[in-house]
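Residue numbers (my numbering), protein chains in the order written: chain A, 1 to 456; chain B, 1 to 456.
No lab work stands behind these hints: they were computed from the structure. Note that the structure is predicted; figures quoted are calculated from it, not measured. Mixed in with the good hints, there may be bad ones.
When chains are identical, the list treats them as one kind, so a pair holds in a single copy or across two.
In silico lysine-lysine, DSS-like type, Cα no more than 27 Å apart, as pairs [as the list claims (entries may be wrong)]:
{"id": "1", "residue 1": "Lys421", "residue 2": "Lys355"}
{"id": "2", "residue 1": "Lys233", "residue 2": "Lys61"}
{"id": "3", "residue 1": "Lys262", "residue 2": "Lys233"}
{"id": "4", "residue 1": "Lys166", "residue 2": "Lys188"}
{"id": "5", "residue 1": "Lys262", "residue 2": "Lys355"}
{"id": "6", "residue 1": "Lys247", "residue 2": "Lys229"}
{"id": "7", "residue 1": "Lys85", "residue 2": "Lys233"}
{"id": "8", "residue 1": "Lys82", "residue 2": "Lys233"}
{"id": "9", "residue 1": "Lys21", "residue 2": "Lys233"}
{"id": "10", "residue 1": "Lys364", "residue 2": "Lys21"}
{"id": "11", "residue 1": "Lys247", "residue 2": "Lys196"}
Protein chains: 2
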Amino acid sequence: MSEETENIQFELTDELLGQVKLLVEGQKNKDLKELLDEFHYADIAEILDELNLEQAIYVIKLLDSETTSDILTELDEDIREKVLKNLSDKEIAEEVEELDTDDAVDIIQELPEERQQEVIEQIEDEEHKEEIKELLTYEDGTAGALMAKELVKVYETWTVAGCLRKIRAQAEEVTRVHSIYVVTKEEKLIGRLSLKNLITAKNEQKIADIYISNVDYVTVDEEDEEVAKVMAKYDLEAIPVVDENKKLLGRITIDDIVDLLKEEAEKDYQLAAGITQDVDSDDSILELTRARLPWLFLGLIGGIGAFIIMEGFQESFNHYKVLFFFTPLIAAMAGNVGVQSSAIIVQGLANDDVKGSINSRLFKEMLLAALNGLILAFFLFLFVWVTKGEVNTAFAISVSLVAVIIVAGLIGTFVPLFLDKRGIDPAIATGPFITTSNDILGILLYFWIAKLILGI
Amino acid sequence: MSEETENIQFELTDELLGQVKLLVEGQKNKDLKELLDEFHYADIAEILDELNLEQAIYVIKLLDSETTSDILTELDEDIREKVLKNLSDKEIAEEVEELDTDDAVDIIQELPEERQQEVIEQIEDEEHKEEIKELLTYEDGTAGALMAKELVKVYETWTVAGCLRKIRAQAEEVTRVHSIYVVTKEEKLIGRLSLKNLITAKNEQKIADIYISNVDYVTVDEEDEEVAKVMAKYDLEAIPVVDENKKLLGRITIDDIVDLLKEEAEKDYQLAAGITQDVDSDDSILELTRARLPWLFLGLIGGIGAFIIMEGFQESFNHYKVLFFFTPLIAAMAGNVGVQSSAIIVQGLANDDVKGSINSRLFKEMLLAALNGLILAFFLFLFVWVTKGEVNTAFAISVSLVAVIIVAGLIGTFVPLFLDKRGIDPAIATGPFITTSNDILGILLYFWIAKLILGI
Numbered sequence: 001m002s003e004e005t006e007n008i009q010f011e012l013t014d015e016l017l018g019q020v021k022l023l024v025e026g027q028k029n030k031d032l033k034e035l036l037d038e039f040h041y042a043d044i045a046e047i048l049d050e051l052n053l054e055q056a057i058y059v060i061k062l063l064d065s066e067t068t069s070d071i072l073t074e075l076d077e078d079i080r081e082k083v084l085k086n087l088s089d090k091e092i093a094e095e096v097e098e099l100d101t102d103d104a105v106d107i108i109q110e111l112p113e114e115r116q117q118e119v120i121e122q123i124e125d126e127e128h129k130e131e132i133k134e135l136l137t138y139e140d141g142t143a144g145a146l147m148a149k150e151l152v153k154v155y156e157t158w159t160v161a162g163c164l165r166k167i168r169a170q171a172e173e174v175t176r177v178h179s180i181y182v183v184t185k186e187e188k189l190i191g192r193l194s195l196k197n198l199i200t201a202k203n204e205q206k207i208a209d210i211y212i213s214n215v216d217y218v219t220v221d222e223e224d225e226e227v228a229k230v231m232a233k234y235d236l237e238a239i240p241v242v243d244e245n246k247k248l249l250g251r252i253t254i255d256d257i258v259d260l261l262k263e264e265a266e267k268d269y270q271l272a273a274g275i276t277q278d279v280d281s282d283d284s285i286l287e288l289t290r291a292r293l294p295w296l297f298l299g300l301i302g303g304i305g306a307f308i309i310m311e312g313f314q315e316s317f318n319h320y321k322v323l324f325f326f327t328p329l330i331a332a333m334a335g336n337v338g339v340q341s342s343a344i345i346v347q348g349l350a351n352d353d354v355k356g357s358i359n360s361r362l363f364k365e366m367l368l369a370a371l372n373g374l375i376l377a378f379f380l381f382l383f384v385w386v387t388k389g390e391v392n393t394a395f396a397i398s399v400s401l402v403a404v405i406i407v408a409g410l411i412g413t414f415v416p417l418f419l420d421k422r423g424i425d426p427a428i429a430t431g432p433f434i435t436t437s438n439d440i441l442g443i444l445l446y447f448w449i450a451k452l453i454l455g456i
Numbered sequence: 001m002s003e004e005t006e007n008i009q010f011e012l013t014d015e016l017l018g019q020v021k022l023l024v025e026g027q028k029n030k031d032l033k034e035l036l037d038e039f040h041y042a043d044i045a046e047i048l049d050e051l052n053l054e055q056a057i058y059v060i061k062l063l064d065s066e067t068t069s070d071i072l073t074e075l076d077e078d079i080r081e082k083v084l085k086n087l088s089d090k091e092i093a094e095e096v097e098e099l100d101t102d103d104a105v106d107i108i109q110e111l112p113e114e115r116q117q118e119v120i121e122q123i124e125d126e127e128h129k130e131e132i133k134e135l136l137t138y139e140d141g142t143a144g145a146l147m148a149k150e151l152v153k154v155y156e157t158w159t160v161a162g163c164l165r166k167i168r169a170q171a172e173e174v175t176r177v178h179s180i181y182v183v184t185k186e187e188k189l190i191g192r193l194s195l196k197n198l199i200t201a202k203n204e205q206k207i208a209d210i211y212i213s214n215v216d217y218v219t220v221d222e223e224d225e226e227v228a229k230v231m232a233k234y235d236l237e238a239i240p241v242v243d244e245n246k247k248l249l250g251r252i253t254i255d256d257i258v259d260l261l262k263e264e265a266e267k268d269y270q271l272a273a274g275i276t277q278d279v280d281s282d283d284s285i286l287e288l289t290r291a292r293l294p295w296l297f298l299g300l301i302g303g304i305g306a307f308i309i310m311e312g313f314q315e316s317f318n319h320y321k322v323l324f325f326f327t328p329l330i331a332a333m334a335g336n337v338g339v340q341s342s343a344i345i346v347q348g349l350a351n352d353d354v355k356g357s358i359n360s361r362l363f364k365e366m367l368l369a370a371l372n373g374l375i376l377a378f379f380l381f382l383f384v385w386v387t388k389g390e391v392n393t394a395f396a397i398s399v400s401l402v403a404v405i406i407v408a409g410l411i412g413t414f415v416p417l418f419l420d421k422r423g424i425d426p427a428i429a430t431g432p433f434i435t436t437s438n439d440i441l442g443i444l445l446y447f448w449i450a451k452l453i454l455g456i
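Using the sequences plus the hints, can you model the full thing?
Given below as structure tokens:
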């Protein structure tokens with residue numbers, strides 16, 4: 001490590017990148033090592049993301065596995081996949097050996113199934129191997145899949161002095177000591193201690209006398225989103241994971257929760273924007289098409305639906321052609337209102353603050369949509385009346401608009417609540433799904449009400 | 001605290017709520033206190049959120065200020081505001097006295113300006129008062145506004161034994177000890193120590209000999225989003241904050257960053273859904289209208305624009321009325337493609353992984369949109385051809401669709417990149433803004449190209 005304290009603001013300049021490339025091409029191993037030793041592994045990962053595959057692998061093989069294992073966890077997923085393809089089972093096993101069990105499992109799970117077993121067999125540390133095998137058995141999306149086996153635990157029968165001795169040994173393996181968990185001799189979780197408690201206690205005291213029995217925990221099959229909610233709510237930095245008999249199995253730390261929250265937020269945002277897969281702007285055109293085309297297809301079908309409706313009303317409105325020119329307005333309003341109301345419900349459900357019955361929600365949304373609708377319809381009425389001079393048409397269009405907005409708001413509120421009740425992620429109901437269905441329904445309703453009012 | 005370890009899964013049942021209400025109404029103070037003592041303050045806050053104001057204030061005045069100050073920080077914002085209105089300056093000062101400086105400042109900032117001064121004057125602890133006054137001077141949205149003054153620091157000249165003694169005293173005031181910061185006698189940050197380092201070192205060693213000089217930090221005027229990015233990237237649980245001379249001013253902990261990330265994600269999601277203010281589903285109809293109406297107005301204006309365009313093309317397409325029935329389809333596609341491409345760029349910008357020039361981005365988006373457009377146009381062509389039997393019309397509509405999709409994709413890509421370059425939050429470019437402008441432009445382009453192809 002450098003002697004100077006480092007400024008946190010790492011910036012990947014073209015100059016630095018050029019320098020690294022030059023050193024790689026010139027195979028100046030000593031200079032390259034010296035240069036990269038200055039940087040945090042997350043920064044080195046950023047550099048490698050910008051190199052070509054050959055260069056990246058060169059750097060990874062050059063640095064020692066303690067650093068490269070951390071770099072691997074931070075690499076862009078696509079690049080990591082390629083790098084792993086170019087490492088032998090033995091090499092991957094060596095990287096994995098350096099990592100905490102949760103990160104090790106993340107790496108192994110990205111390998112093709114047939115390779116996973118082979119890599120695991122190459123891990124030399126038997127305990128690490130068994131722990132990784134155990135973690136691989138937990139279902140994705142549960143606390144078990146998120147936790148690490150590394151933790152510091154003490155038995156209630158120990159003394160403070162004995163404890164400090166043991167902790168020194170255990171702490172070597174644990175990157176950060178959050179809480180010390182207190183267990184019975186059957187490994188049952190009964191409480192916790194902080195290092196602070198320990199250093200302020202007397203050496204001869206028994207753990208059983210000083211531990212804090214009030215300890216938060218989650219069970220191993222708890223949903224990961226639920227774990228995130230709990231840790232955020234209680235401001236926890238780590239939480240122990242237990243089985244149904246309260247046997248201590250592992251712990252989850254806040255940095256994994258931060259990553260999870262970011263991923264969840266991105267997924268919801270993408271769903272709202274009509275993107276079905278996890279993609280980023282640097283993915284290939286084919287991948288991006290796969291993520292975007294399904295929703296566009298839905299839009300195409302919706303558009304064809306709107307076409308069929310309009311054609312159906314063609315005869316009736318022979319004398320009111322102007323009505324057809326307002327369909328984009330009606331469709332846009334129906335879509336926007338639907339997305340707004342569904343977004344508020346989806347967010348409320350995510351934060352557990354949608355209370356009361358579905359009916360009271362729908363009633364509130366109806367009032368809200370009616371208020372918005374009346375204000376907007378007033379301006380639309382003025383516009384049509386002033387420019388067209390036809391009060392009847394203006395009235396018909398405006399009344400339809402209010403009705404369309406109310407119905408759109410109700411659908412936007414109802415669909416996510418309904419999906420949630422059926423155990424389906426309500427976030428899929430936002431974006432193109434609501435927009436498209438509201439478009440068609442809005443247009444249908446619009447012509448139908450206008451026809452009624454104009455008495456055709 | 002209860003003797004049993006508590007299960008984390010607190011659920012606010014109607015039964016529990018009824019029980020609390022009954023005890024409040026009956027003024028059964030002892031039973032009420034006993035009941036609530038079982039719960040975490042975040043859970044009590046959840047209970048108070050469901051009581052009426054009078055009941056909530058009754059509970060707050062009943063419990064001791066050590067608990068109620070924490071409850072206050074967790075209460076729903078609207079309810080906290082009302083509760084604070086009903087507490088005297090002295091009472092608020094007592095609550096604030098119990099809180100860490102960052103939480104104390106959050107509470108004080110919610111008070112009307114004229115009250116802030118009065119409450120601060122009532123704080124008895126002079127040091128706490130001065131620290132709060134200092135924190136209030138930092139601009140919102142900076143590291144300074146996010147940090148707390150509570151931290152554990154040691155001077156490089158101390159010994160390990162002396163250090164442990166001093167830390168015991170300092171640690172009393174600090175809820176959680178993350179890192180111990182090492183400073184010179186001029187208070188300049190030069191490194192860090194973990195408690196783990198300290199308990200594994202020998203008593204007579206000097207701090208100067210054992211501290212880790214490699215310490216991440218941020219300056220006090222750094223943007224809070226930047227701090228969040230850094231802490232997430234380096235998996236930090238706390239980060240020290242310094243001034244331009246590296247004088248240690250405070251520290252930011254990960255729980256504040258978790259809250260910040262959640263807020264940011266909600267804000268972006270709401271912007272994408274066309275909601276301008278921070279609202280939740282329990283807000284009043286008036287508040288919700290204020291948040292939703294502006295974007296709907298934009299939609300109204302867009303719709304009127306579309307109307308004017310369609311009316312303008314009315315004469316030209318007298319013999320191709322069918323074209324008008326496809327405007328909702330064209331508008332929907334333009335809107336959807338625009339939102340998709342802008343969402344990917346906005347997200348990429350937030351994650352700092354939009355690299356390369358604007359031109360190369362636009363070129364890629366053009367290829368992508370062209371590919372999507374061709375696939376969709378193929379199906380649309382088939383539909384129009386089969387149902388209408390007019391090859392010319394089918395061709396004109398399909399070609400227009402491809403053009404509209406390409407332009408929509410380019411706009412969706414360009415606008416957020418442009419806003420970002422100008423230092424404006426690109427997230428405002430998603431949702432209704434892109435949808436509306438793409439709607440109008442798409443419809444205009446559609447008629448214009450169709451006219452060209454059909455040779456009218």
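Hint-by-hint comparison with the structure:
no. : hint             : in the structure
1   : Lys421 to Lys355 : within (13 Å within a copy, 42 Å between copies)
2   : Lys233 to Lys61  : between (43 Å within a copy, 23 Å between copies)
3   : Lys262 to Lys233 : both (16 Å within a copy, 12 Å between copies)
4   : Lys166 to Lys188 : within (19 Å within a copy, 35 Å between copies)
5   : Lys262 to Lys355 : both (26 Å within a copy, 20 Å between copies)
6   : Lys247 to Lys229 : within (23 Å within a copy, 36 Å between copies)
7   : Lys85 to Lys233  : between (40 Å within a copy, 25 Å between copies)
8   : Lys82 to Lys233  : between (38 Å within a copy, 22 Å between copies)
9   : Lys21 to Lys233  : between (46 Å within a copy, 24 Å between copies)
10  : Lys364 to Lys21  : between (61 Å within a copy, 26 Å between copies)
11  : Lys247 to Lys196 : both (25 Å within a copy, 26 Å between copies)
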